[in-house]
Every structure is written in C-alpha cells, then in structure tokens.
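J.: Assemble the whole structure, with the sequences as input and the hints as a guide.
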Amino acid sequence: MATRKAPFRYAAKKTNKMMWLIQAALVINVIASTVLYTIAGFDGLRLLISASLAVVVGVVTEYVFYRSWKRPKSVGYLILQKHAAMIPLMVALLLPLHAPLYLVAVSTVVAVWIGKLVFGGFGYSIFQNATVGVLFAYVSFAPQIALTPALIGQEVFYPIDVLKQALFNNELSGLDMTSLLLGGEYYTIAAGAMSGLVLIVLWVILSATRTIDWLIGATYVASVFAIATIVGGTELGIEMILTGMVLFAAVFLVSDPITSPTTRNMKILYAVIVALVTVLIRILGNNTEGVLFAILFGNVLTPYMNRNARSGTLRTFIQTAAIAIVITVTSGYVLLQMRQPVAEELNTTVEVLIDETL
Amino acid sequence: MQKQQSLRPSSVSIPLHNPTTKYYDLNVAVGERVLVGQKIAVRYNQEVRLPVFSSVSGIVRSVDSLEYVNGISMDHLVIDNDAKEEQVKARPLLKPYTAQMLRTQLVDMGVEGLDQNGLYTSLDFTNNINQVIVNAVYENAGFVKEDVQFFETHQDALIKGCYLLAEASLKPVTVLTNQRSFATKCQQAGLQVRLVRPRANKAWQVEAIASIIKQQPPYDLLSVGVIYTNAHTAKAVYDAIELGVPVTSTEVVVLLDDAKQQRIVETKIGTTLADVLAGANASAQQDATYFSGNVLSGSSMKSGEFVVHADASTVGYTSSVIEEDVCIKCGLCNDVCPVGILPQNIMDSEIREAEDRIYSYSVDQCVECGLCSYVCPSEINVLEWVRRAKRRVARGVE
Ligand code: SF4
Ligand code: SF4
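Note that the protein sequences, when read in sequence, are chains A and B.
The first sequence runs 1 to 358 under the numbering used here.
The second sequence runs 1 to 398 under the numbering used here.
Not one of these hints is a red herring.
Distance ranges between label pairs, derived from CB positions: (1) B:Ala282 with A:Asn16: 23 to 33 Å; (2) A:Ala208 with B:Arg199: 12 to 22 Å; (3) B:Ile322 with A:Ala208: 20 to 30 Å; (4) B:Asp356 with A:Arg315: 18 to 28 Å.
In short, the hints are calculated from the structure, not lab data.
No residue lacks a Cβ here, since even glycine has one placed at the ideal position from N, Cα and C.
T.: As structure tokens, this is what we get:
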C-alpha cells in the first residue's frame, strides 16, 4: 500500500523555528528599548508592562475567538503553534512609550482580531497584522499618540516631527544621528525604534539565520535612502532611515513573509513601492510618519502582484532590479522637482490615494 | 560512504511485468534450474518486447503475485538462490558494429529502460534523437553521495559506454561531471564534456541540460530529442556490448532512518527492500515509511516487502512523521523552481480552484524535480499540488 507522497526528506522543518526567532528578536528589542529608555531618563519599565499586557490581551483574544467559533484551542497551542505572542509584541513596540495601557489593549485586539483572525489566523493575513492595529490607534486615538503636556514640558519631542518640520522648510533636521543610531537619547514615536543599532543587529541575525528574506528589508532601506538622497543629499538619506520606523519596518513589517509577495522579483518591487510611498508621505503628506500607511498600501497591492508574477528566472530578476532602480531614481527626481511649487496639490492627491486604499 | 558487499539473498522475486509492459511470456518452468543472466521471460506491450533475466543461479520456485512499488499486484518469478553464481555464456557483440546492431543488443540485454527516475529517459533511439546526455556526477541529490569507488573502478568502462552510446545514436554525447580529471579523459575519448557544480537546493541538472539543448527542458526529454541517462547505465551499455552480459544487479543508495546513514549496496534484481535493509544491518521501526525511487519524487510503501526494481537509484526508509504547517508565503519554493513556474502561486490557485489562474501558469513545464517541496519550511508537499494542477490542465486540454 502506498502511504505517502515524496519527498521523503525535507531541507528542514523551520516555520516554527523562524517564528520563534522573530519573537525572540521582538523580546530582545523590548528589553533593549526598556534599558535605553531608562538610561535616557524615561520610565522604561512601562514598555515591559505594555508588552506583557499586549501579549496577554492578544492570547486572550485568540482564545475567545476560537471558542466563539466552537473550535476551542488551548492557550499553549495558540502560543506555540499559532504564534499568538508575535503580533502583540509588535503592537507594543510600534506605539509610543507613553501610550495608555487601554490603547495598547485596544490596538492589540484590533490587530489580532481584524488583522489576523478574521482572515483565517496565522498564515492567511492580507494586511500586516500589527500595522492594522497601530494604524487604528493612529487614526482613532491621535491625541493619545501625541506627546503629553507633561512630556512637552520636559522639552521632549519626536525626532520624526523635527524631520517633518525640516522637510517642510527644505532643511535638514539637525538631529544628532549618532544618538539616533545608538539610542538612549531621543524619545521615538515607536517605542521599539529607539535604537537603530539594535534593529540593525536584529536584522543581521534574522537574515543570517534565514528567518527573514534579507533582500526585501535591504531593498526597502536602500530605496528610502536613494530617493531621499536624490531629493536632499546623503544627509537627508541617513536622516530618513534613522528617524522613525524605517528600520523597524525593514526588520519586522516589510519582511513579514505572510503579507509580502511570494516571488523574489515582486518582493523587490514591493519593497521599492513601500519605500516610495513612505518618502512621499513624509515629504508631501499631512502625516508625519509614512511607514505604516506605506505598508498597508503595499499589502493592498500584494495579491495583485502575486497574481501577475510570472517566471522567476535570472533574466526577469535583472529586469525587475532595473525597473526598481528606474522607479527609485525617477521618483527621486520628480519629487525633487515637485517639492516646492506643487507641494500642496500633491499633498491632497496622496491623501486621497491613501484614504481610498484604506 | 560505507560500501557494502553485494547481497546474497536466499531467493529473489523478479518482476515479470510492470505498469508499462503489462503482458509477459515465460521462458522457464517451475522446478527448472536457471543461471545468472538467463532470459526467463519477455514482457511486452503493443510496441515493445523486453527481456527479463535471472539475477541468480538456482531453481525456479513459483510465480507469485506480489505488490509492486506502486501498490499494484504484479507477477514475480521466485527463484531459490543456490549461491553458485553460475553465469550463462556471455554474448559480446563482435566488431564492426552498426548503430542498428548496437541498439538491438541493448534491447536484448535489458539495458534499454534501466534508470527512468525523474528526468532520466529510456535509451529509446526510435524517436528523432539529437543529443545524448550522460550524468556522471559523483554527487546525486545534494545530500546523497554517489559511490566514488564506482567511478574510480569503472572509469574506462564508463567512458567506453558513453562512446558506444554515441555510436548507437549517431549523435553527440555530452557527459556531465564535476571531476576535472575525468573530464579530461572523456575529452581525450572524443566526448563532449560539461563541468558542472552540483549544489544542494539547486536544480543543477535542469540548468545543465538547458544550457546544452539551449531551451527550457520539458518533463519528457525524449519529446525534444534528448536521451538523458546516468553513469550506471553507461557502464551497463559497456557490459552489454563488449562483455555481452545483461543487467542483473544495480547499485542502490540506501538511506537509513531519514537519511541519517547512507550505504551503497549492490543489489541483485529481485531483492526485496527488507532483504536489502537486512544486508545493510538495518531494521526499521514499526511505523516507518519505505520508499523507492528518488527521495524527492519516488513512491512509498507501508512495508519493506517489495522488490527493489531495476530503475530505483535510491531506496530506504524514514521514521519521521511529516506534519504540514500552513504556508507562510515565504516564496522559497518559487525561488528554487528550476523552470520558474511559481509553484506557490500554482498551489494557491489550485486550492482555490481558480481555473483561469491555473491555466495562466505554465504548469506543464514542471519537471517534477520535487525541489519546491524539499525546501518548504512548512513541509508542504507543494509538488503534489502542482501535479494536481497539471492533471487539471491536461483534462481541460483533452
Ligand atoms: S514546480 Fe516544483 S517540482 Fe515542478 S519544476 Fe518547479 S520546483 Fe520542480
Ligand atoms: S516554500 Fe512552503 S511556506 Fe514557503 S511559500 Fe512555498 S509553500 Fe509556502
């Protein structure tokens, strides 16, 4: 009797291990950021609390969801097999440190329930789960995301706000890039984006262990840098990368396999498009940080890109790389030309585009 | 890798027919004594008649219906082995040969359909053949090591075999190898050579063939006039023509317990996998899966009581249980596919039964290398979905 179909041997059973490595990276980020915030004189422990809360809320949400569908799953199964802690950790890291705990909880519920479970659970999402939850917080709880009067009183500011203002005035932000790279000085809009260095180290580890596809994150960062460099020189390129969520997105959001395209070529295009929209929103849009909207926009395009992907040969790879470079360079120059005179007009176009997307 | 002595099973069960040649005429009777290399039957279908040889000397015990590796029952001739290894008289072909004489001798000696796993084809010279390619690489599927000793001992026979293939086909023969010294020797013998770099997770065979025939290789290489065979067959060609002996044994790679150990066993045709394992001092656990053919695309059985057929290059058992995870859309399968047909996307459309999309992929180009399944971190049998899509398209086209 024939029992099972070939292959009788696999390269390695890895999905679970990959997901655990990502979660380990998120936990390292939580711990590192907690320490760095404490060094910078803020209440770092708060991050530890909100991350723990998010995990509890996330797991409970999944538990309740499966129960209500009359398909109860044990908590252990949800954590071990469905990676229920992953998205909550991302949500906690993407919100600012002072975000009220109820907001952390609500965003987690939205991320897990609407982003993940409604689409069929782990492996089936269309939209990057954590992005869905955090954007919900941005849109519905803007005042809570903004800096509190107490923080403003301490002369605390978001580096990304400074960059936005500078971009508006066609200047550089003048922030200390070394501090942004090392962390421990500025108060960032996403708690997990405190230190560029921590994120770069995590990216290297996750890439080296083949947990994430290095190409997609690298393309994203390189494209943000290239477009910004064309618009305002290498200094602006560096500022664009180190201020805000770009590096965090490169490690955890853009390289999320589930919501990014399934072919090498399309992954490159996806990363370039997300990068382009990121820079577009930052330079021309109303919103301060463009990363989250850009990812959602990329997610919308993903099914379309998958559907239209064809062969994955070396030739098409080179073609795609060429297209990616053309998009990057052209958009950089177009942005450079348009930046001043029609800024207002484009502003609205981009907004409309993104509103429609949502 | 450990090289085992050839096995001496107490009896062999030689398949008298197979799924492609369904009928047979028996040449011997129960109780009769047969010799190694004696023609015991002819199996046939409408087009071909192929001889079946005894692999041992001894007394014919019975004709039994046993399970073949595909799970279907087939008749086997059971011969008790008297271990005397008495051979029939060799019938070498005398020079000068014509191509036609060579072809006839190859069919008469049973070399014609030796290894037909995966991309390998039979030595079918009747089609319009433009090219013969012989895979003479020491390393097989990346992790299965070929028998280096085999190449060293039989180098000259191998080269002569390739040369004879050129004479039989009247077309150029290209040898794929990863050994420079062997390449030089082949060139001196007037063969074309392509040095390749075999790597795990790479369909280097498909790439090498593509670069020789200058087109994407289809699953059925004969359809584009290519005979693709391997070193063992090349040696069998030499044996059949110059020594005049038919194929009565094969060298199989035995993978024990999920490929944790590998052995090479010279196996008489008609030996059961259970006997091969016993000869390799290995016993499988209770609920192991026994397989035969190619690790990435062969077939499997619940028990080892089936005969290792002549075209199996790899056999073994695995005790690991495979549990599929959900597809995380990592795209590894898409990236590894040698013909670039995006197996994940095909699987996705097949699951959704999105016919239009299935038709828009070139599913028929799949060469069934099995790499898409092999690399999948979720251990999904992607190839099986691609096969379903292939069948759907084939049905639609009919
Ligand atoms: S679909 Fe899978 S089996 Fe078919 S050629 Fe591609 S990788 Fe090989
Ligand atoms: S390799 Fe497996 S998990 Fe990855 S995309 Fe292909 S089928 Fe999905």
